[in-house]
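A.B. asks: Dock the two chains into a complex; use the hints.
For the record, the sequence lines run as chains A and B.
Quick note on our numbering: the first sequence kicks off at 2 and runs consecutively.
Quick note on our numbering: the second sequence kicks off at 14 and runs consecutively.
To be clear, the hints were calculated from the coordinates, so they are not data collected in a lab.
Ideal Cβ placement from N, Cα and C applies to all residues, glycine included.
Check each hint, because a few of them may be wrong.
For lysine-lysine, the following DSS-like pairs were computed, each having C-alpha atoms within a straight-line distance of at most 27 Å [stated by the list, open to error]:
(1) B:589 / A:127
(2) A:88 / B:317
(3) A:230 / A:133
(4) B:589 / A:80
(5) A:230 / B:714
(6) B:690 / B:701
(7) A:224 / B:589
(8) A:230 / B:552
(9) B:313 / A:224
(10) B:690 / B:714
(11) B:313 / A:88
Using C-beta positions, here's what the derived DEER-type ranges look like [unchecked claim]:
(12) A:192 / B:689: 54 to 60 Å
(13) B:235 / A:73: 36 to 42 Å
(14) A:202 / B:660: 27 to 33 Å
(15) A:103 / B:592: 40 to 46 Å
(16) A:210 / B:437: 54 to 60 Å
(17) A:145 / B:154: 54 to 60 Å
(18) B:235 / A:210: 46 to 52 Å
(19) B:295 / A:230: 33 to 39 Å
(20) B:429 / A:145: 57 to 63 Å
(21) B:229 / A:112: 50 to 56 Å
(22) A:124 / B:538: 50 to 56 Å
(23) A:202 / B:228: 56 to 62 Å
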Amino acid sequence: MSLFKRIIGLEQKVEQPSEQPVADETAAEALVAEAAAPAAAEEVTEEAAEAENAEDVTEEVAPEEEAEPELNKPLELYKVIRKKTEKSETVSRTQLLFQPPEGLEKEDVTALLDSLNGEERPEELKDITFVKGRKDVWYYDGTIMTPHYAELYSMIQEKDLLHTIASVARSDSHLYPLVTSFRKLMDVPFRMTEDELLGAEARFMLSPEYEDIRTVTASNGVKGFYSTKYLTWAYADSLHEWYEVGMDENP
Amino acid sequence: MTTYGWTGSLLRINLTNQTSSIESSSKYFSYIGGKGMANRIVYDEVPMGIDPIAPESKVVLAVGPNTASSAPTSGRTTISFLSPFTKGNAIVDAHIGGDIGVQVKQCGYDAVIIEGESAAPVYVYVNDDKVSFVDASNLWGKTTSDTTAEVTKATQPGTAVLSIGPAGESLLNLSCVITGVAHCGGAGSGKLFGAKKLKALAFCGTKAVKLADVKAVKALNDYVIGDLMGSNNNHVVPTVAQSWSEYENSGSRWTGHPGMTWGAAEGGPIDTGESAPGQPTLIGYRCQKAVKDHGAIAEKYTVKMTGCATCPIRCYGGVDVPQLEKTWGVKGSHANTCLGNRGCGFNGLVSNVADVDEKGDGAFMAGIYAAIKVDDAGLWDNYGELAATLKYFMANDNAYMKQVLTEEEYNAIDWSKSANGDLTFIDDIIACLCNPNHSMRNLAMGAYYVDQKYHDIVGDDYLNSSAIGLWGVMGGKRHHGNECAAQVGWLTNTIYNRDGMCHTIVNITGSGLPYEIQKRIIEDIFGEGALDAPNNYTKMNANKAKFAKFGVVRQVMHDSLTLCNWVWPMTFSPRKERGYKGDLSVEAQYMSAVTGAAVTEKELDDAAERVIQLSRAMTVLAYGTNDMRNEHDTPAGFIVTPDEGKPLYQPGTNKLDAEDVQDALTMFYKEFGWDEKLGCPTRATLEKFNLADVADDLESKGLLPA
Numbered sequence: 002m003s004l005f006k007r008i009i010g011l012e013q014k015v016e017q018p019s020e021q022p023v024a025d026e027t028a029a030e031a032l033v034a035e036a037a038a039p040a041a042a043e044e045v046t047e048e049a050a051e052a053e054n055a056e057d058v059t060e061e062v063a064p065e066e067e068a069e070p071e072l073n074k075p076l077e078l079y080k081v082i083r084k085k086t087e088k089s090e091t092v093s094r095t096q097l098l099f100q101p102p103e104g105l106e107k108e109d110v111t112a113l114l115d116s117l118n119g120e121e122r123p124e125e126l127k128d129i130t131f132v133k134g135r136k137d138v139w140y141y142d143g144t145i146m147t148p149h150y151a152e153l154y155s156m157i158q159e160k161d162l163l164h165t166i167a168s169v170a171r172s173d174s175h176l177y178p179l180v181t182s183f184r185k186l187m188d189v190p191f192r193m194t195e196d197e198l199l200g201a202e203a204r205f206m207l208s209p210e211y212e213d214i215r216t217v218t219a220s221n222g223v224k225g226f227y228s229t230k231y232l233t234w235a236y237a238d239s240l241h242e243w244y245e246v247g248m249d250e251n252p
Numbered sequence: 014m015t016t017y018g019w020t021g022s023l024l025r026i027n028l029t030n031q032t033s034s035i036e037s038s039s040k041y042f043s044y045i046g047g048k049g050m051a052n053r054i055v056y057d058e059v060p061m062g063i064d065p066i067a068p069e070s071k072v073v074l075a076v077g078p079n080t081a082s083s084a085p086t087s088g089r090t091t092i093s094f095l096s097p098f099t100k101g102n103a104i105v106d107a108h109i110g111g112d113i114g115v116q117v118k119q120c121g122y123d124a125v126i127i128e129g130e131s132a133a134p135v136y137v138y139v140n141d142d143k144v145s146f147v148d149a150s151n152l153w154g155k156t157t158s159d160t161t162a163e164v165t166k167a168t169q170p171g172t173a174v175l176s177i178g179p180a181g182e183s184l185l186n187l188s189c190v191i192t193g194v195a196h197c198g199g200a201g202s203g204k205l206f207g208a209k210k211l212k213a214l215a216f217c218g219t220k221a222v223k224l225a226d227v228k229a230v231k232a233l234n235d236y237v238i239g240d241l242m243g244s245n246n247n248h249v250v251p252t253v254a255q256s257w258s259e260y261e262n263s264g265s266r267w268t269g270h271p272g273m274t275w276g277a278a279e280g281g282p283i284d285t286g287e288s289a290p291g292q293p294t295l296i297g298y299r300c301q302k303a304v305k306d307h308g309a310i311a312e313k314y315t316v317k318m319t320g321c322a323t324c325p326i327r328c329y330g331g332v333d334v335p336q337l338e339k340t341w342g343v344k345g346s347h348a349n350t351c352l353g354n355r356g357c358g359f360n361g362l363v364s365n366v367a368d369v370d371e372k373g374d375g376a377f378m379a380g381i382y383a384a385i386k387v388d389d390a391g392l393w394d395n396y397g398e399l400a401a402t403l404k405y406f407m408a409n410d411n412a413y414m415k416q417v418l419t420e421e422e423y424n425a426i427d428w429s430k431s432a433n434g435d436l437t438f439i440d441d442i443i444a445c446l447c448n449p450n451h452s453m454r455n456l457a458m459g460a461y462y463v464d465q466k467y468h469d470i471v472g473d474d475y476l477n478s479s480a481i482g483l484w485g486v487m488g489g490k491r492h493h494g495n496e497c498a499a500q501v502g503w504l505t506n507t508i509y510n511r512d513g514m515c516h517t518i519v520n521i522t523g524s525g526l527p528y529e530i531q532k533r534i535i536e537d538i539f540g541e542g543a544l545d546a547p548n549n550y551t552k553m554n555a556n557k558a559k560f561a562k563f564g565v566v567r568q569v570m571h572d573s574l575t576l577c578n579w580v581w582p583m584t585f586s587p588r589k590e591r592g593y594k595g596d597l598s599v600e601a602q603y604m605s606a607v608t609g610a611a612v613t614e615k616e617l618d619d620a621a622e623r624v625i626q627l628s629r630a631m632t633v634l635a636y637g638t639n640d641m642r643n644e645h646d647t648p649a650g651f652i653v654t655p656d657e658g659k660p661l662y663q664p665g666t667n668k669l670d671a672e673d674v675q676d677a678l679t680m681f682y683k684e685f686g687w688d689e690k691l692g693c694p695t696r697a698t699l700e701k702f703n704l705a706d707v708a709d710d711l712e713s714k715g716l717l718p719a
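Same shape as in the complex, but just chain B (with noise of 0.2 Å):
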């Protein structure tokens, strides 16, 4: 029997046997795939609660029905894997794009589970059903965009590499794995491969993905492209006014206008010009993102923008530095997005960066400096969390950092460089984060390891500070929270056992459309007072948390489709004919049309919701406790402290009332069918969604609520 979507194969490697085996892949279906599969792998075969790289632990990436299937931004992988880095090490994702998704899948798996522990450094290449185990010994010590050039150069032409570098080697918590010299997949992922002596993995398919009803799909695209979709997190206002627009937001990721341009493109500047809706050649210069990152000074240095397979939006700004490597010695092509275009905030360590050629210059080439210092070493941020430690500690004249590192380690470290512009000191810096020996490397355990750790030294303040930025003390940096839109998201960050990866709010509030639009639309759906004005939020209400759960479902079925939640899902539309409504429906019918299973919206979502119901109580295990309220869902202090000046509930502030965050947190468990004291999955709610063995693995344990 065919089957469409799925290719209905796992892949099994074990590094400890150098073996490899395929299984189907069926079972887990009605996970939908990528989060929600690799969740589920996790939950069966990695006991919750165990150091995340104990030998028995497992790192589990998977792909969706909808990858490779030519959906627009169907190229995204999700990364599973216990946390090295927050509170308990629940259950984490890192999602990644690139081209290693489309190859997984092109392969002929849906999920490939990496167990057990290598002796050696290794990378496994994978060549459709051919799996070799090849000595990485010569890769070791290798920056990842060495380690990527010197696999690809062994393997065959289209290889997409996902390696790490001296970060995840050393064990580091705040490591990644990255593919495309570019594309990073965070939460500590490099760990758990350095701790497997996994060096890379590297995927090469030629196998092809069948879909139910190709001309569906191909109608699905075409819609969604012409009709649906904006700029990078479909943002559907133009920065600038353009003839055919009824609006114009300087915060829209809709960069690209006339006069705007890819100004070191080959044969000369390219100018992004007008691409209004309905111009689905077009749609690529709508996002000039090396601007929108770095500021008009990158404009000239943009050679273009790159992105994930299959994605026509392109959020990846490409530059050409030149005088970089003039200037320090290190060749300026790089492309990255948002915090990874600044070196994840270590550019931020070096102040007063000459400036070679323009006033400003200096800055803008220590952000690209950063990028690729922090990329090679397979460096992970947690959203800035590290850089902004390491400033913590470094404040006042290292008062901090003092007490960090012993009297040698302290005094073998130029600090001027810091406060001279020496971009050199951020390779200082990168080398004792690497060191397996120096205690720099405390402070990238993570936010709340840290805080254990140094807690005599910092207090409470650490923990809790707007400079460390968390959304809560279990060490999940804020993304797209409370400043986003108030308690809705702040909301959606609890639901995840890291940084809120939840863009699905943050794409409507910065959608750009006039906030009268937007409000009419959300209202229609979720019903009045779902969506306050920016910075101007009332008390929380039963229609607020329906909304925030739509947030996290959504994210979460674009994680497991896959579909990209930078961009979707198609709450708007930048067409004016359409009221600026979008379409919410578009994934279950892609859901439909490529895998022949006819899907309504409000099975999918309900699907989606059944991987958070997992994914809860296996944090719920993993904290052997179902008191989520207390230990993972307090915010940080920050959070809930008002600025001066600028009192609760009237315009001009975002922070919340202590109180008003527990109703907050009760109507989202109410919404999620939770026990409303503790946040913690009922066996009635476990059950409806068909995950009774999981309700009684809590009873077993006694994590269940009376």
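Isolated chain A (complex conformation) (with noise of 0.2 Å):
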């Protein structure tokens, strides 16, 4: 499990699914209901996924001019799942069930991604692993993207602004260490605004569950979220203003 993924708490398949099985037929069953509820997940809508789907899977995944006999489906599913990696995103299991390849149903494309957890798993898949998100599981081709920033990206998408605040400055604070400014977080890929990123600093306060999240200022007036977890406040705010000032001015 790497250092990441412990700090923000979120699984991820590993590439030997018999060592850290993720999500069985029922879990995964589980997510997609919860992630289709809108309760549950604010975001992720039905019409949501269907009109991302209909942009980036039907129209991208040109269907073939001449039918082949007998469709591949893994190799269908690879494409569609590629396709949005390439573009440097990830795509959620609640949008392949609400929008399959062209050629395939929904059963088929819940045992295709089941079987990403089994001996079973097609040669055409072989590439594509996933994160689990707080909502939903997310696919992408590890190949190409890596699981860091497929846990971002995901996070992201789940719009849990408080959630992934917090996992990125534990991370930051714990990893290199730094404070994560906002400046990060309002730049891609997290594009957070200065509002909610106040709103943010000010919920943290009232949460047990984001107790160790706090803030700092440098003398340039930005201000940046740290764990108590791995710094101190003298330890956070002499890193903040060296990389939002000293830097500047020892470049």
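C.D. replies: As structure tokens, this is what we get:
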């Protein structure tokens, strides 16, 4: 399990399915149901999934001009996921089930995705891996996308602002170490607004789950989040000042 | 017999007689080239301790065996001479990029020695073996950009021009030479050119550089660019998460990413996109340096990145700011890097600059404006020290400045411009600095001499203050010192008679990789405890001394080969499949492939260390004392003054312990085989590096340790 993963609490599919089974059929179906329910997944609605698939799946995977006698279903699924990965995106289980690739039924997709956990994994899907988020399971081609990026991207798609900020701040505080500047969170791939970040700063104060998340302000006025699990205030203050001001003055 | 890599020739230019001669350079091959060769020539031909602008003083330009070989980032030139601006007027190097080095090499020279003094302004045009001395009376007083344009028009297409501006002409200590209207070689080089009435050097070469093993050089190029090289400073992690990356770090200089453009590129914005390792044609998009230096506002003004010959990284941010001409009457096309992109701090002399089109663009334009003006004048900043000194003397309603200037001089300046956002204040200050009779010039002598002259005014504060930010009281500006790597960074600074020009260490600590990965790789090479976490350091140890030594040895190696130390060494790699470990043997592989001499990594390190031994001995000779510990290696006070509420050896500070600094010096001296009390080379060490003649020289002057 990657250090990042351990810190942010996300689980991901590993290359050896037997080592760490992630989602059995029941769990996967539950995830789908949860993701599809408006109360549980505010943003990943059926309409949104269909709209996205209409754009990203149906249009991008052109139908074969001459129908094959037997459709290579694993290959069709691979193509869809690969296309997404090439665009630096992961694709959710919900989306794949609601809008299956051309020629595949929901049941086909379910079976193929579930096969990724076991020894019956089709050869065509050997490069496909996934991360398990709080609301959904997210698939990508592991040969061109890192688990780290997939985790980040998937968190962003799930739009749990506090969880995303806290996860990144804990990871940054522990790994590099550095303070997660508001500038980072306002840049790609996060694209959060300053209002969202200021709102999150206030909400962190009220949530026991995030009691370790604090902010520090550099002398240029830029704020950043850090985790008290890994950094003291004095350390966070010095690191943030260095990144925001010192580095610029000592190029 | 064919010589590979080196040309085998050096050009001697005598400005007094306006003559030139070509001599063999082979006796200097053992000093590698570049800095090593230039330092040895200065040692052989210039008496240490003389006035840097005395008639017998010389300037030596040298390139290395790698120059013009196609090796990535090999387009560097070292210019060696006696420092006009730091204590002791000891040996100092200016480092310059652009195309000048390639042209020198293709003219057929490993080094160019400039000696004598011209009676009248002159520029020298070198076209292979033909050397022309051209009257430069019409150029005297012109800016560096105008001079470059004039000389370029008068010479062959493709000529590289190296010129001085009014600062150098007026013999200002903090002046430079500039090539390509952007690339600056500092350390006071402009003053030495000015003293020789040498307005410019121009080189246009047509000769081939012979390589011993062309295929091996090509293979190395592919390996370095494909597997080892990241971005500027060899930062191997992008600033924002990319689909191929495991890490991201906002401090990195790998600023290119999807959505980040060259906004004013010809034909429309160009997205810098993802540029994963192994995509050599995309490597030039990794460093969006205009944004890194100026901030996000620079993106839409960015035309492209530019840089030095043979460099795939392109760390010069080229911008075009039409509003600058409309508002301030200055054509806003400019390219530079780092401090040069902000006029070496001169933009900070003016506050409250009005915005033009959007919030913040006034300050951005001040940076471009200052950069253009400072480069045109050929001013050098001593890594920001000049602007810091001016601000120091302007503080508290010009409290100190009033004591520096005559009443007439003071009243002639409209000081209100500074606070009122009037950028022409920068012009006014530059005019004072370039006026041979103006008292403000005394603030551009270099911090050591400023303190000497005005100590009764500023007391001990100026030289020791964080506002000036010297690594040592000998006048060298801190440059990737303790703020970068605690004792290790500071120790690297002490090797120089100027700001610490070593980027080896900051390329590591600033790489963007998580600390634990950096630590694993560095400890694997130098042992436990060699690399502290950022702003969380421990007491000095022997492995840190080894690491610091590695830093300066590689920097000197790069300036001698040449390779750019702003990118090399390849300590880390952007490739996760390599565990992010780079390859420190590549320089030796290049040396072998280019020259045909089979050189190991250890042998090349030793050759570079030999150059350090020589330059340290030259510093002892210039100082007239071998007590380097107390006369040269003394830290500025702010470095050893703890910050309030941030105790030493606790997370949150990079300030050093004064006692520990002395231990650090002792361990560092030991690594170099120097006298551990004095910090000077011993006979045994000099003889080990085949420098017995230098030991004899020191001994004859009573400068060898007992």
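A.B. asks: Compare the structure with each hint and give your call.
C.D. replies: Going down the list of hints, with the structure as the test:
Between the alpha carbons of residue 589 of chain B and residue 127 of chain A the distance comes to roughly 21 Å, so the proposed pair stays at or under 27 Å and holds. Proposed proximity of residue 88 of chain A and residue 317 of chain B is supported: the alpha carbons are some 25 Å apart, at most 27 Å. Between residue 230 of chain A and residue 133 of chain A the CA atoms are separated by roughly 24 Å; this keeps the pair inside 27 Å, and the hint holds. Between the alpha carbons of residue 589 of chain B and residue 80 of chain A the distance comes to roughly 26 Å, so the proposed pair stays at or under 27 Å and holds.
About 60 Å separates the Cα atoms of residue 230 of chain A and residue 714 of chain B, which puts this hinted pair outside 27 Å; it is violated. Distance check on the hinted pair: residue 690 of chain B and residue 701 of chain B sit about 20 Å apart at the alpha-carbon level, within 27 Å; holds. Restraint check: the Cα-Cα separation between residue 224 of chain A and residue 589 of chain B comes to about 31 Å, which exceeds 27 Å; the hinted pair is violated. Between residue 230 of chain A and residue 552 of chain B the CA atoms are separated by roughly 25 Å; this keeps the pair inside 27 Å, and the hint holds.
Pair hint residue 313 of chain B plus residue 224 of chain A holds up; C-alpha atoms about 25 Å apart against a cutoff of 27 Å. A distance of roughly 19 Å separates the Cα atoms of residue 690 of chain B and residue 714 of chain B; the hinted pair therefore holds under the 27 Å criterion. The hinted pair formed by residue 313 of chain B and residue 88 of chain A meets the criterion: a straight-line CA distance of about 24 Å does not exceed 27 Å. Against the hinted window of 54 to 60 Å, the Cβ-Cβ separation of residue 192 of chain A and residue 689 of chain B comes to about 56 Å, which satisfies the hint.
For the pair residue 235 of chain B and residue 73 of chain A, the supplied restraint of 36 to 42 Å holds, since their beta-carbon distance comes to about 37 Å. A hinted range of 27 to 33 Å holds for the C-beta pair residue 202 of chain A and residue 660 of chain B, which are about 29 Å apart. About 41 Å separates the C-beta atoms of residue 103 of chain A and residue 592 of chain B, a value consistent with the hinted range of 40 to 46 Å. In this structure the hint that residue 210 of chain A and residue 437 of chain B lie 54 to 60 Å apart at CB holds, the actual value being about 57 Å.
Under the hint 54 to 60 Å, the C-beta atoms of residue 145 of chain A and residue 154 of chain B, about 58 Å apart, fit the expected range. The supplied range of 46 to 52 Å is met by residue 235 of chain B and residue 210 of chain A, whose beta-carbon atoms lie about 50 Å from each other. In this structure the hint that residue 295 of chain B and residue 230 of chain A lie 33 to 39 Å apart at CB holds, the actual value being about 38 Å. A hinted range of 57 to 63 Å for the beta carbons of residue 429 of chain B and residue 145 of chain A is consistent with their spacing of about 59 Å.
Evaluation of the 50 to 56 Å hint for residue 229 of chain B and residue 112 of chain A yields a pass: the beta carbon distance comes to about 54 Å. Checked against the given bound of 50 to 56 Å, the beta carbons of residue 124 of chain A and residue 538 of chain B, roughly 42 Å apart, lie outside it. Between residue 202 of chain A and residue 228 of chain B the Cβ separation comes to about 59 Å, which falls inside the hinted range of 56 to 62 Å.
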